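Asks: For reference, the chains in residue letters:
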Amino acid sequence: MTRLFDHYNPQSERFFDEVIARDGAQRSHYEIMMQRFNQFSSADIRARRELVNIFFRNQGITFTVYGVDEGIERIFPFDLIPRIIPASEWAVIERGLIQRITALNEFLTDIYHKQQILRDKVVPAELVLGSKHFRREFIGVRPPLGIYIHVTGSDLIRDAEGRYLVLEDNLRTPSGVSYMLQNRIAMKRAFPVLFDRYTVRPVENYPQQLLRTLQEISPTPKSNPKVVVLTPGVYNSAYFEHSFLAQQMGVQLTEGRDLVVNNNKVYTRTTRGLQIVDVIYRRVDDEFIDPLVFRPDSVLGVAGLINAYRKGNVTLANAIGTGVADDKVIYSFVPDIIRYYLNEEPILDNVETWLASNPKHMKHILENLDKLVVKAANESGGYGMLVGPESTPEQREAFAEKIVENPRNYIAQPTISLSRHPSFFNDTELAPCHIDLRPYVLHGKSISIVPGGLTRVALKRGSLVVNSSQGGGSKDTWVIDN
Amino acid sequence: MLSRVAESLFWMSRYFERAENTARFLDVNFNLLLDLNSITSVDHPNYWKPLIMVMADPEHYNSLYQEYDAHSVTDYLVFNRQNSSSILSSISMARENARSIIESISSEMWEQLNNLYHFLQSVSPQQVHSDPYSFYKEIKNASHLFQGITDNTFSHNEGWAFVQIGKYLERADNAARLIDVKYHMLTPRTARHSDLVSGSVDIIQWMAVLKSCSALEAFRKVYLSKIDPDNILSFLILDRSFPRSITFSICAAQEALWRISGSSQHRYANNVDRLIGKMEAEMSYTTVEEILQQGVRPFLEEIEQGLAKIGEQLHLLYFAYHTPKIEPADVAEALPFTGLDGRRANWSQSQQQQQ
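Chains as they are written, first to last, in our numbering: chain B, 1 to 482; chain V, 1 to 355.
Since the hints were made in silico from the structure, they are not lab data. Any given hint could be a false lead.
To spell it out: a stretch of chain B is covered by chain V in this simulated footprint if at least three of its residues, at any positions, have a beta carbon under 8 Å from a beta carbon of chain V; those stretches are [said to hold, decoys possible]:
# : stretch
1 : 255-262
2 : 267-275
Calculated Cβ distances over 10 Å to all of chain V for the following chain B residues [what the hints assert, rightly or not]:
#  : residue
3  : Tyr8
4  : Ala21
5  : Gln26
6  : Asn58
7  : Ile75
8  : Glu89
9  : Gln99
10 : Lys132
11 : Leu211
12 : Gly233
13 : Val234
14 : Phe244
15 : Lys363
16 : Ser448
Computed from a predicted structure; not experimentally measured. Even glycine gets a Cβ: it sits at the ideal position worked out from N, Cα and C.
Construct the complete structure from the given sequences, taking the supplied hints into account.
Replies: Encoded structure:
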């Protein structure tokens, strides 16, 4: 009988393989896992896959794809082979992310108050003040404990040498944490035997940690501050996650119409009258959150919410205006931001980035469009990007025009070498698929990172795009003690 | 409890009950025709038109179909999405309401509702025509199962009370409509009601009315085989122990309302409790003779209007928690969810991209 890993051959100079080293040796932390999987027949694998599929379907774990009529619900594909991160590597990631979040929080405090970093010309003022996500309405407003970014989901990748790099800081309303939690449950159901042999650090208490973080930032100290989750509603693609987190934390899931502001205080409308709200974990973007201040056509928001927030009667997590710091242009300055505020060298590096707004960089971008990945500065979810090597000359030409027209809005990066990990193409065959990693960082009185995170995997052969909206799937992610 | 969650529970329950009642009407009509087909054609409009009059808007029907025959009426009442109270529309809306409060209901409730929805999606009109009995039975059973699941997996607190209110208000309203139309059809304007007993066709029809409420057996236990319109009216309107009679439904709704507000027999806490208490007293102390004297039609219309008023007051009191001074300028936009399909919000909710 051929064993599952017998035909797994990741040979490539360009990409780091998570399981097999370049000299063909197995990486030690994967050995037991590979042995176990080699013992499974394809019938075993099929049976377990079926088990997992039923689990996800019954849980209703689906997401919605935009751009298709009616918004079709799909199950988020789950790959059975877990991704394993040894504690030593994790320690670096953890320190690196804590450093990065601390610096970014300093940066937000600065640009919404004294703007010293702009005066010192470390970051060009026009890039900050001209960012689509810079909220001048919040200059001078200090959020409780001085924290802007309470929940972060940074995207990390590994280069050809296996170094972890930060690809994106998602500082607004990062999603996906529910998949991290569900993947772990699914994995435990399907492969309980694997958990015997590894000491996998638990992720299950994330909802409790999130609730604790949210209660810590209550505007007034209370024994039991009232926290609610604010969702755009049932048609939002991440609605499942919003309702799941509310349910797991045991708090109310609210929509804009459930909240009302009176005398600068926020209340829920209940069958027993109005009840005061202290903290809102909002999954509604800035632009939609208060029709009186931002988009007047938004029906998702709460009229008057921003004033209540400015008065310090309610805390929003994350704060308004954090998007300026995860702008893809500002991203390229984060290493400088870390040095500026913390006097430290960055522990996690950035991916090399060219800014179209810089004339020298612009020239490089336009000359190398077929080799680069070009991204719009303010889009997310894999929308509005050009993957050079996979594009046609017509697409490149059209993109070049857009870049020249609005240089501030574009950045370019080399076609990054996402590391690869064995994943199932079908029940019997493994192939090296590109993966990234999204750990979730919580920032209350202290910063904590749930050990693991969401590993997204590009299940289309050769594809580098891991977003769920673009055919990606996910894996359970284990941090193990060495 | 959030007003929106209460409202969605209420409408989820109400739409499900509506679907069950529609299935009952149609089921009985098919059965009735089997009894009558020696006398008249199955497609005779007299047998199908009343269904549209009970459960839908005849004008809307006429704009879509030419004839009142078995095929068209079934299609309109079961499958047509343009008919907001067709079985498919009702179950879709019950499901949409449930989906929006999925974290508040039990997963078993959601699963059951979702199963029925997917079942309905998979059924073709052809299947319903070839075997109406099995199809309607499936719907009725699904509804009973849902109610059983709700009773046994969902905490009996405020939310559960809203489920009960939705169910019983809808049931009382449907019963009133059914009796109203059947009575109207079966009572020639010139004849005195005692003349009716003679026609065997009429008796079969009245039995059908009883059957559609699953009431024939229960009725026989009370009135033996004296199937005459007065007894039937008395049973379907005034019986206090049969769970599909109007009085029973009103009492049950009242009990659920009391659970929420803490009102009791002698004291009402709000306008909804006052209205339902008044109605309950009316039903308790009236007799079938008095109903006949007043006229069945006016009496039932009063009930229907009373139920509508209770619904309105319920909305104002619990769902649209009203604070006029602090509402955004266009309250109409901001407030009502009214348990519908929420199409208004659809566009902007999906506008947001995910990070």
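Asks: Mind verifying the non-interface call on alanine 21 (chain B)? Its CB should be farther than 10 Å from each CB in chain V.
Replies: holds, 34 Å
Asks: Can you take a look at whether the stretch 267-275 of chain B is actually covered by chain V? Rule is 3+ residues, C-beta closer than 8 Å.
Replies: Per the Cβ count (7), the hint holds.
Asks: Checking a non-interface call: every C-beta of chain V should be farther than 10 Å from the C-beta of glutamine 99 (chain B). Is that right?
Replies: Holds, since 21 Å exceeds 10 Å.
Asks: Would you check whether the claim that leucine 211 (chain B) is not at the interface survives, using Cβ distances to chain V and the 10 Å cut-off?
Replies: Non-interface label on leucine 211 (chain B) holds, nearest chain V Cβ at 15 Å vs cutoff 10 Å.
Asks: Does valine 234 (chain B) really sit off the interface, with its C-beta more than 10 Å from all C-beta atoms of chain V?
Replies: violated, 5 Å
Asks: Hey, is glutamine 26 (chain B) genuinely clear of chain V, shortest beta carbon separation above 10 Å?
Replies: holds, 35 Å
Asks: Measuring Cβ to Cβ, find out whether asparagine 58 (chain B) lies farther than 10 Å from everything in chain V.
Replies: Violated, since 7 Å does not exceed 10 Å.
Asks: Test the statement that isoleucine 75 (chain B) is away from the interface with chain V: the closest C-beta pair must be farther apart than 10 Å.
Replies: holds, 14 Å
Asks: Taking a Cβ-Cβ distance under 8 Å as contact, does the stretch 255-262 of chain B have three or more residues in contact with chain V?
Replies: Contact hint for the stretch 255-262 of chain B vs chain V: holds, 6 residues under 8 Å.
Asks: A cut-off of 10 Å on Cβ-Cβ distance, and lysine 132 (chain B) was said to be off the interface with chain V. Does that hold?
Replies: Label holds. Min Cβ-Cβ 13 Å, cutoff 10 Å.
Asks: Is it correct that the beta-carbon of serine 448 (chain B) has no partner in chain V closer than or equal to 10 Å?
Replies: holds, 20 Å
Asks: In terms of Cβ atoms, is chain V entirely out of 10 Å range of glutamate 89 (chain B)?
Replies: Non-interface label on glutamate 89 (chain B) holds, nearest chain V Cβ at 25 Å vs cutoff 10 Å.
Consistency note: the structure conflicts with the earlier hints numbered 6, 12, 13, 14.
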